[in-house]
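Trainee: Chain by chain, the residues run as shown.
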Amino acid sequence: MSQNPFPLDKADLLKAYRTMRTIRDFEERLHVDFAKGDIPGFVHLYAGEEACATGIMMHLNDNDRIASTHRGHGHCIAKGVDVHAMMAEIYGRSTGACRGKGGSMHIADLSKGMMGANGILGAGAPLICGAALAAKVRGDRGVGITFVGDGASNQGTFLESLNLAAVWNLPVVFVVENNGYAESTAMEWAVSCDSYVDRATGFGMPGVTVDGTDFFAVYEAAGEIIRRARDGGGPALLECNMVRFYGHFEGDAQTYRAKGELEAIRASRDCLTILSERVIEAGVVSRDELQAIDREVADRIEDAVRAAKAAPLPEASDLLTDVYVAY
Amino acid sequence: MAPVVGIVANPVSARDIRRVVANATSLQIADRANILLRVLAALRACGVQDVVMMPEHGGIRSHVERGLVRARARGEDLYPAIHTVAMPVTGTAADTHRATREMRLAGVAAIVVLGGDGTHRAVAAECGAVPIAGISTGTNNAFPEHREPTITGLATGLAVTGRVPPHIAFAGNKRIDVSVNGGAVAEMALVDVALVTERYIGARALWRTENFRELYVTFADPEVIGMSAIAGLLEPVGRDESGGLMVRLAPGGSETGPASDPGTTTLLAPIAPGMMAPVSVTDWRRMPAGVPFVPKVTSGSIALDGERELSFTERDRLSLTLRDDAFHTVNVAAVMRHAGQNRLLTGTPVPVSADL
Ligand SMILES: Cc1ncc(C[n+]2csc(CCOP(=O)(O)OP(=O)(O)O)c2C)c(N)n1
Ligand SMILES: [Mg+2]
Numbered sequence: 027m028s029q030n031p032f033p034l035d036k037a038d039l040l041k042a043y044r045t046m047r048t049i050r051d052f053e054e055r056l057h058v059d060f061a062k063g064d065i066p067g068f069v070h071l072y073a074g075e076e077a078c079a080t081g082i083m084m085h086l087n088d089n090d091r092i093a094s095t096h097r098g099h100g101h102c103i104a105k106g107v108d109v110h111a112m113m114a115e116i117y118g119r120s121t122g123a124c125r126g127k128g129g130s131m132h133i134a135d136l137s138k139g140m141m142g143a144n145g146i147l148g149a150g151a152p153l154i155c156g157a158a159l160a161a162k163v164r165g166d167r168g169v170g171i172t173f174v175g176d177g178a179s180n181q182g183t184f185l186e187s188l189n190l191a192a193v194w195n196l197p198v199v200f201v202v203e204n205n206g207y208a209e210s211t212a213m214e215w216a217v218s219c220d221s222y223v224d225r226a227t228g229f230g231m232p233g234v235t236v237d238g239t240d241f242f243a244v245y246e247a248a249g250e251i252i253r254r255a256r257d258g259g260g261p262a263l264l265e266c267n268m269v270r271f272y273g274h275f276e277g278d279a280q281t282y283r284a285k286g287e288l289e290a291i292r293a294s295r296d297c298l299t300i301l302s303e304r305v306i307e308a309g310v311v312s313r314d315e316l317q318a319i320d321r322e323v324a325d326r327i328e329d330a331v332r333a334a335k336a337a338p339l340p341e342a343s344d345l346l347t348d349v350y351v352a353y
Numbered sequence: 382m383a384p385v386v387g388i389v390a391n392p393v394s395a396r397d398i399r400r401v402v403a404n405a406t407s408l409q410i411a412d413r414a415n416i417l418l419r420v421l422a423a424l425r426a427c428g429v430q431d432v433v434m435m436p437e438h439g440g441i442r443s444h445v446e447r448g449l450v451r452a453r454a455r456g457e458d459l460y461p462a463i464h465t466v467a468m469p470v471t472g473t474a475a476d477t478h479r480a481t482r483e484m485r486l487a488g489v490a491a492i493v494v495l496g497g498d499g500t501h502r503a504v505a506a507e508c509g510a511v512p513i514a515g516i517s518t519g520t521n522n523a524f525p526e527h528r529e530p531t532i533t534g535l536a537t538g539l540a541v542t543g544r545v546p547p548h549i550a551f552a553g554n555k556r557i558d559v560s561v562n563g564g565a566v567a568e569m570a571l572v573d574v575a576l577v578t579e580r581y582i583g584a585r586a587l588w589r590t591e592n593f594r595e596l597y598v599t600f601a602d603p604e605v606i607g608m609s610a611i612a613g614l615l616e617p618v619g620r621d622e623s624g625g626l627m628v629r630l631a632p633g634g635s636e637t638g639p640a641s642d643p644g645t646t647t648l649l650a651p652i653a654p655g656m657m658a659p660v661s662v663t664d665w666r667r668m669p670a671g672v673p674f675v676p677k678v679t680s681g682s683i684a685l686d687g688e689r690e691l692s693f694t695e696r697d698r699l700s701l702t703l704r705d706d707a708f709h710t711v712n713v714a715a716v717m718r719h720a721g722q723n724r725l726l727t728g729t730p731v732p733v734s735a736d737l
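Chains as they are written, first to last, in this note's numbering: chain A, 27 to 353; chain B, 382 to 737.
With the rest of the complex left out, here is chain A:
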């Protein structure tokens, strides 16, 4: 094996690959099971976008908070939320992360710093400002990361949060996950000023654009931005250009895509392939090692589905629990 030229040691490279593979398998399994009618509610899949969540979350610990989106499974998995609890939640079972009452768009686990997926676009940004303010007041070096889609970035809440984070110098990173579409509307039709970095600049914080399908590009840029926020350097925006491999939601016929677009992005912009080829080519990790992870992940997802299906649904009486929190 040659000397490792990457900014992560081998154990962390394998961890990143395992996270990305887990997200991919999780989502591909949901794609199949949703079509069978096994899953209640709506699901939005993160497949194709794994490098973004993973490259960022590799720099965080459980004390750091994230606020996610409607497309939140990848953020949850990368932040360390238990895959069995997530699957059970999506299946609406009482063993789920929110006891089966939230579903795909409300998975949360505060013990892991995951403040929740969110069905309301742009709602994560004010939440993360609150979490970041708390970290700043406590002085515990915690950071807050919020994710927002290209479409949701037009929400007033997001723009107000950029302002708040800038004036209070909060340890927040705003991650724009630019997959080119908001449902069926292509970004160039919907975003004035055309560049998220320009928006950040307008609020007096730096913005950076990276190829969100390149794990190392995200990892390196996020590392600098997060370190800066932790050290008191203030908020920043990171735009990740990426691709989604499935429809907006499961069941979307995707008639707005150009002919051949999906085939092209799957062939040339698959972040898992890009990562695995790079680490194998460098001689740091072998194909066998990655395949062993693939098998282990497949077993884990299979077991999560089996356990979810076997678990009970919530009872009618559960409707009145966990509704209010007493302080």
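No lab work stands behind these hints, which were simulated from the structure alone. Being a predicted model, the structure only gives us computed values, none of them experimental. Do not rely on the hints blindly, as some may be mistaken.
[Unchecked claim] Per the computed footprint, the stretches of chain A lying under chain B, defined by three or more beta-carbons under 8 Å from a beta-carbon of chain B, are:
no., region
1, 30–42
2, 227–235
[As the list claims (entries may be wrong)] One-sided excerpt, in silico: chain B residues whose CB lies under 7 Å from chain A:
no., residue
3, 398
4, 409
5, 438
6, 440
7, 581
8, 615
Each residue gets a CB set at the ideal place from its N, CA and C atoms; glycine is no exception.
With chain A's structure known, arrange chain B with the ligands on it following the hints.
Mentor: Same frame as chain A, now just chain B with the ligands:
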């Protein structure tokens, strides 16, 4: 027929990590469009009626369009007609390559480029004998000279309309060709090739000086920032001289003061905007044109004009060759001097002497 000028305006230059690790400029799309409007007005004032532009989805064209509509609404006729190259947009450097190729085939008289060193490199790779007029909208730009774009537009307009003799209007430029495994030219750089130990492309920019190993520059200019500055602070080499400079660097250099290795000198260099960093210099020598250089570094990445582009391993054989007069640029300073000396912008001839 009046000459047509090509325009390549990159919407994504100046967006990398140097906005976080250094306080680099973040030029807004609306500003890029305003720069372009100023260039267009200057071209039109020189008689250019048509320009052809690279299509992009970054918003520059739509902001320019807004400017044209507003001018027309006020009854002003300030700008040439803008045509767009018919081609799909990928949002990558391939667009610049393709657009430049199409412009060259269409016979444009010059190409005005808005972008960083990387954008200029992509144009230079495809422009053939068509001269480039460069405007910096990037980060560490060493290649395009820094000046008000209106003047770049004016000089381009005067040059392409034949009012300045070509030997004054256009200048030759150097480049370094990088060949991998003896194949055809793999890549090239307009200003610098840096060999660094990181073997991943990652966030592309160069700022960890402890990883720098070898540096090859076409010109060594102490008045710019980036790799060329490192060379320029050791031994300046002009843009118009033949050949360049090769510098070898050592690990360490993470602290100012005496270098860690006795055979090296620590140089404090502006490697990015607002970023003065120590680099450990082992030695340097002139890089004559036409002589292939084989690097000593055996694995890492090749950064071209300040951005990591390719990685290489022990199995790859690299060779770098500097070429003089590889492509042409509009010599803005010379054109404007000529314009002044010959009163090219006066309406009616005025007396050569102001003696009364
Ligand atoms: C406040 C609000 N408005 C509208 C919706 C409906 N909606 C759900 S997802 C979506 C598009 C989001 O696009 P984007 O932010 O780009 O995220 P992506 O789905 O591409 O990840 C819309 C309009 C919503 N959930 N919340
Ligand atoms: Mg989107």
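Trainee: Hint validation: residue 581 of chain B versus chain A, beta carbon distance must be below 7 Å. Holds or violated?
Mentor: The hint holds - residue 581 of chain B has a Cβ within 7 Å of chain A, the shortest such distance being about 5 Å.
Trainee: Regarding the hint that residue 398 of chain B lies at the interface with chain A, is the smallest CB-CB distance below 7 Å?
Mentor: It holds, given that the least Cβ distance between residue 398 of chain B and chain A is near 5 Å, below 7 Å.
Trainee: For the restraint on residue 440 of chain B, tell me whether the closest CB of chain A is nearer than 7 Å.
Mentor: 3 Å, holds
Trainee: Let me know if the C-beta of residue 409 of chain B comes in closer than 7 Å to any C-beta of chain A, holds or violated.
Mentor: 4 Å, holds
Trainee: Counting residues of the region 30–42 of chain A with a beta carbon closer than 8 Å to any beta carbon of chain B, are there 3 or more?
Mentor: holds (count 3)
Trainee: Using Cβ atoms only, decide whether residue 438 of chain B comes closer than 7 Å to chain A, and label the hint accordingly.
Mentor: 5 Å, holds
Trainee: For the region 227–235 of chain A, do three or more residues have a beta carbon lying closer than 8 Å to a beta carbon of chain B?
Mentor: Holds, because 6 residues of the region 227–235 of chain A bring their Cβ atoms closer than 8 Å to Cβ atoms of chain B.
Trainee: Using 7 Å as the Cβ threshold, decide whether residue 615 of chain B counts as touching chain A.
Mentor: 28 Å, violated
Hint 8 from the list above is the single one not met by this structure.
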